[in-house]
Amino acid sequence: MGKFLEKLAYLLIALGAAGWAASVLLYGGDVRYQMLSVLVLTIGIFVGHFWEELFYSK
Amino acid sequence: MARKRISQAEEWQAWAKRYDIDGGVRTFESGLSLKVILGALFVGLLMMPGSIYMSLVSGQSGAGAAPWVAVILFTELARRSFTTVKRQELYILLGLASAAVGAGGRYSGYIWEAYFIQTPQAEAFEIADKIPRWVVPPKDSIAIAQRSLLHPDWALPISVMLINLVLSQLRWIGGPYVLFRLTADLERLPFPMAPVHAQGATALAETTGKRETWRWRVFSIGAMAGLFWGALYIGIPSLTGVIMAKPIQILPIPFIDFTRSIEGFAPTGVFAMVTDFGQMLTGFVMPFPVIITQFVGALFTQFILNPQILYRFEILHSWHPGLDVRATGLMNWLDFWFSFGLGKSFSFAIIGFAVSLPMLIKYKEAKRKEVGERGSLRTPPGRGDFPIWVAGGMWLAGMIGFVYLVHWMVPHFPLLFLLGFAFLYTPLNSYITARTYGILSRDLFEVPYIKEATIILSRYEEIDIWFAPFPMEDYGRGTQHWRVLELTGTTFTSNIAAHLITLPILLISGLLVWHFIWKLAPIPSSQYPFVQTWWPIWATQRCLWITSLRDGQSQMLQAIRGTYVAAGLGASLALYGLIWLAKLPSMWFYGLAGGIGADPGSMIPLLLGAIVGRVYMIKRFGLKRWYMFNPVLAAGFSCGTGLAAMAIVSLAMVSKSVIVKPF
Chain D
23 MGKFLEKLAY LLIALGAAGW AASVLLYGGD VRYQMLSVLV LTIGIFVGHF
73 WEELFYSK
Chain W
-17 MARKRISQAE EWQAWAKRYD IDGGVRTFES GLSLKVILGA LFVGLLMMPG
33 SIYMSLVSGQ SGAGAAPWVA VILFTELARR SFTTVKRQEL YILLGLASAA
83 VGAGGRYSGY IWEAYFIQTP QAEAFEIADK IPRWVVPPKD SIAIAQRSLL
133 HPDWALPISV MLINLVLSQL RWIGGPYVLF RLTADLERLP FPMAPVHAQG
183 ATALAETTGK RETWRWRVFS IGAMAGLFWG ALYIGIPSLT GVIMAKPIQI
233 LPIPFIDFTR SIEGFAPTGV FAMVTDFGQM LTGFVMPFPV IITQFVGALF
283 TQFILNPQIL YRFEILHSWH PGLDVRATGL MNWLDFWFSF GLGKSFSFAI
333 IGFAVSLPML IKYKEAKRKE VGERGSLRTP PGRGDFPIWV AGGMWLAGMI
383 GFVYLVHWMV PHFPLLFLLG FAFLYTPLNS YITARTYGIL SRDLFEVPYI
433 KEATIILSRY EEIDIWFAPF PMEDYGRGTQ HWRVLELTGT TFTSNIAAHL
483 ITLPILLISG LLVWHFIWKL APIPSSQYPF VQTWWPIWAT QRCLWITSLR
533 DGQSQMLQAI RGTYVAAGLG ASLALYGLIW LAKLPSMWFY GLAGGIGADP
583 GSMIPLLLGA IVGRVYMIKR FGLKRWYMFN PVLAAGFSCG TGLAAMAIVS
633 LAMVSKSVIV KPF
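Sequences listed follow chains D and W, in order.
In this text, residue positions in the first sequence follow the numbering used here: the first is 23, and each later residue adds one.
In this text, residue positions in the second sequence follow the numbering used here: the first is -17, and each later residue adds one.
Hint data in this document are derived by calculation from the structure and do not stem from the laboratory.
As the structure is a prediction and not an experimental result, all values here were calculated from the model.
Do not rely on the hints blindly, as some may be mistaken.
[What the hints assert, rightly or not] On the chain W side, residues computed to face chain D include the following (Cβ under 7 Å):
| no. | residue |
| --- | --- |
| 1 | 151 |
| 2 | 154 |
| 3 | 331 |
| 4 | 332 |
| 5 | 336 |
| 6 | 337 |
| 7 | 548 |
| 8 | 551 |
| 9 | 552 |
| 10 | 555 |
| 11 | 556 |
| 12 | 559 |
| 13 | 563 |
| 14 | 567 |
Positions of the beta carbon are idealized from the N, C-alpha and C atoms, including for glycine.
This is chain W alone, in the form it adopts within the complex (with noise of 0.2 Å):
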């Protein structure tokens, strides 16, 4: 008997609706008060400092943790004053005390320039005087001998850094929208992880209600498996790092590494198995179809593809025996598998193409649709749309005076590759990694040094185009944000409106906290440690790229070969199209081209959460049961496991900053 095609609207459907919990029934509320306002108030003005004084001394920021415990605080005192709090209200806590505890971020790359310009390196390599004066104040500079940062010396690159931010506001509101309208509205991608963001807050919510449901039970029972997970993975090492030579090790960090093992039968293949189980969570979550072709993929790469093909036709000709799993990765990489795997990612553009396009065509009865049907563009009533035109405007508008400004910055670099990278790069890696991120939750598309590389085809000399902001951005990411706030019920609005109105509080805090540390303590000083160890080799590091670049001897332009990259594009089309000629899901063309390239070991975690999901926990709960509380399950852990590292972080830098003394 002939297979019944499922098309792809029905198959990405399906998976939605499985996603969405709440069975798409939702009303939409305002998540911005008074009450978000003070909390995001609280987080800038104390969690902040810790966070950066985390990061300069033990290069951990504590970022994932933070939010977590405003949010807590925030449900508790809320209990304690007998009053509730809304799920939209949490959410919107959460991506605020986020931003609140990565907004310091926009200051520390001043305090290292201030160091980079006046590096010994900076100086041997004849790059300190060529720095540009938007960058960072000259090195003679009263503002750098002070270390101050409320300097007028200052006044230039802090400029520059708020005309660029209020144009990336327009960008990165408009360019995830319009991307979120398209993957997520049009085309129904299932945005797997979505639910999981979404469940953390809503769980959190219902403690402050008069009753609490089930959701609180299975995020409090996730919470407590992070917190033992955390302790015995982070927090074992950790502690016994401050008392012994030599940390005690449960289970090897990061992972086991069988390379050695198994080159015998399959040299050139890579398997290592990653230890940190609290990824069973994740593949709990993830549709199970993926998580089997991604491994199966992996498992035909490293055993079959690897040794048998590549290896014998001398393709992979670097490796050598006896290598590990870092040095076999990367070897392979550079003869073959970084231009295999950008000609996969295109394929991905491809392919996303052709299932939009004719979506789009059919742009008068895509308005006519129902909301939450495949193929339309209609929105639910009171989400806090706004006309899909302005979000592009805005981009738009964004982009043009980003461009003008880097312009400004470095007047000589050719234009044409600001514009390419801005119009053409930009938007077609954003989309494509919208809908990675819409069906596998993760980045496929990711070509790294493209600065670089792109700095030296175009034969531009001066040093001052690499410390200018390139226009290359990806918004892919972003859009599962807008998913999530769908998902919590809050609107689109009122989430614009909270970010836009902590921005200028957490930017002044930020400035005040930077100023205040570094007066402290010279940085990087060995108040520092953490800083005091990188920061040299880095800077060193910087300067090489910067000089040896200029040569146009780039070990990773010479990686790119149009040969394997027409290889990754081919095989990939191939394997789509055979799938789509079989009748076969395409969330199998996804989890093998996913998996192709990768390493098994990596997926083994993942693997056991699909499989004990689909085994033993659909079995017991009932599939829509099942779905219902992972997503919650998984939040919980995450929660759990950020609180037990924020927590062993702290007693090992308490019991490292205590100074025993002689007598």
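Next up, chain D with everything else stripped away, as it sits in the complex (with noise of 0.2 Å):
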């Protein structure tokens, strides 16, 4: 379960990060595609800090 947490964060964000990225570059900076981003990296980053605190220890 906290490697498949861990790998989904990475891949969210990945995803969120490039996303956001395609949004401003390719689409002009469209609200919808931005906003859809934030999206996915707001649940990255909730999944990566789930994970961090409920898993992954030192």
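Each of the two chains sits in its own frame; use the hints to bring them together as a complex.
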């Protein structure tokens, strides 16, 4: 479960960041695409911190 | 080799330990005693009038230095009486002295409103006869004609203030305490400037003991440096301004503007070097990665992002060559950075929730964890804590009462707006500020003119709302105060009790002092040059605000653009996500996000301080000793500059009040 969450967080953050860059560079900063990327990024960051707090140990 | 992930838990824990210079080991004692109450009485009855008078005459209340003067006097009295003073007592006295100096402010609004209702501007704009009775008595009232605050006509405005005062005590104790528990206890954010406030009282308390320690020596060095800097930076211009037409400034105040010099290769970029090198002391204290990344973010903004991207794509379209830092900054802000900054601030809230929610889910575990461990909600024994739900309940009760009061004052204003501000905006705004104070020691989330924008959006046309208080508060700054109490080992309950005991004294003394000063001469009048100059201008501006915003043509509302808000939010979250992916310290994100959009010139003294600290001081004294020294040094410095400023302003006032007779 921990490994899965870690990979999911990595994937969502990478996708969200790339999506946000694309929404600005290719779609002229269209608010809908930007907010979609923000949603993906937000979920990714939440998953990342849940993983860090609940599963990641030193 | 792959980089090892340092979790935020470990990162914040390490920084929090570094700033906890007593090593987290402390006992808690009450700071409340008869001596402290007498000290507060002294401040209330002697220093507040001076402060009020100075603010009317020169616009400077001396509020920064007054608490230090009170505390130094107090320690000297203790030494002469062969008695000792605890640091807890001195810290409470510092807080009470600040509260006492500011206590007069509760009544200054009445004098201003009494003036405003009589102005020709209020008459011309047809406002004077519509000002509600709970703000000020009618303009033909005998209370205004006789310049008396002790008249029954003031009963309603003062009663409204007193009811709100009681409710505000509930809100301002409960709100910041809940945030303190979340950010300092649960998340272990470092609050880097908290030790500076704590160490001043600690150093002075040690002077009354049997032997002086390193703290007093370091504090004195800081105070002497502060006195010297205050004399150089504030003293020379103030004193030469008294005798010469143009004051001499060793360093231009407040900055040297290079904006026009860089516009050839960086159009729309701003660079104004701040000359207050006293900020170097803050640079000593703040986390090094935050200062460096902040500066990098600001440099990137002003030399690459603004001129090469935003200007070329005509996003920054209002700028034209020849503008100085203020005009360029204002235009860039309205064109882009205001909206972007809103989005950036929201990202701080999202990240804050992402970090703290998993910890709250482990609430049961948090209660079992050791005191001082990140993710623990257990409180140190004897700190004077109370259950978090009690604090939450106090805030809720205070806020419900406040909303009810405002609704009673403006019954036709949409209640939904008041509820939205009270129960959505205020908690969110406060949480963001508490986190930014916990990491950066400054506020990053401020929406200017939000009250004005809300009034326009509500389509409410009565003018009473412009005079009513709004349930829009920010408890984030107050969070740091609880951390300082913890660092000084002061029980929370003694601090609350001290404030509640002295509050009636300060309320009565404030009323009497304002009544007396108003009786001396009309305000404004030639006796009070500052208010005589500015109040008529402010009255005009206020009338313009109240009337011009009715048609919805607010420049501020037009400046909010959804695309740029989304860009600020997306860019900040993407930056945070990438830093997390790369396993870099999260401090980098807070520094970069704080620096983006800012002027790098304003950070030069901070940067110099950070570099000197890192390159020389840490090598000279060692990391641990330097982190022990620098908050004490900074506290001494602020005391020294405050004292120098107070002495200089007094001298300037005396010389200005001397009338040279022609014969």
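Taking the hints in turn, this is what the structure says about them:
1. 151: violated (35 Å)
2. 154: Hint on residue 154 (chain W): violated, closest Cβ of chain D at ~30 Å, above 7 Å.
3. 331: violated (11 Å)
4. 332: holds (6 Å)
5. 336: Check passed: Cβ of residue 336 (chain W) comes within 5 Å of chain D, closer than 7 Å.
6. 337: With a minimum Cβ separation of about 6 Å from chain D (threshold 7 Å), the hint on residue 337 (chain W) holds.
7. 548: holds (4 Å)
8. 551: holds (5 Å)
9. 552: With a closest approach of 4 Å, the residue 552 (chain W) hint holds.
10. 555: holds (4 Å)
11. 556: Since chain D brings a Cβ to about 4 Å from residue 556 (chain W), closer than 7 Å, the hint holds.
12. 559: holds (4 Å)
13. 563: holds (6 Å)
14. 567: Residue 567 (chain W) check fails; min Cβ-Cβ to chain D is 14 Å, beyond 7 Å.
Violated hints for the displayed structure, listed by number in ascending order: 1, 2, 3 and 14.
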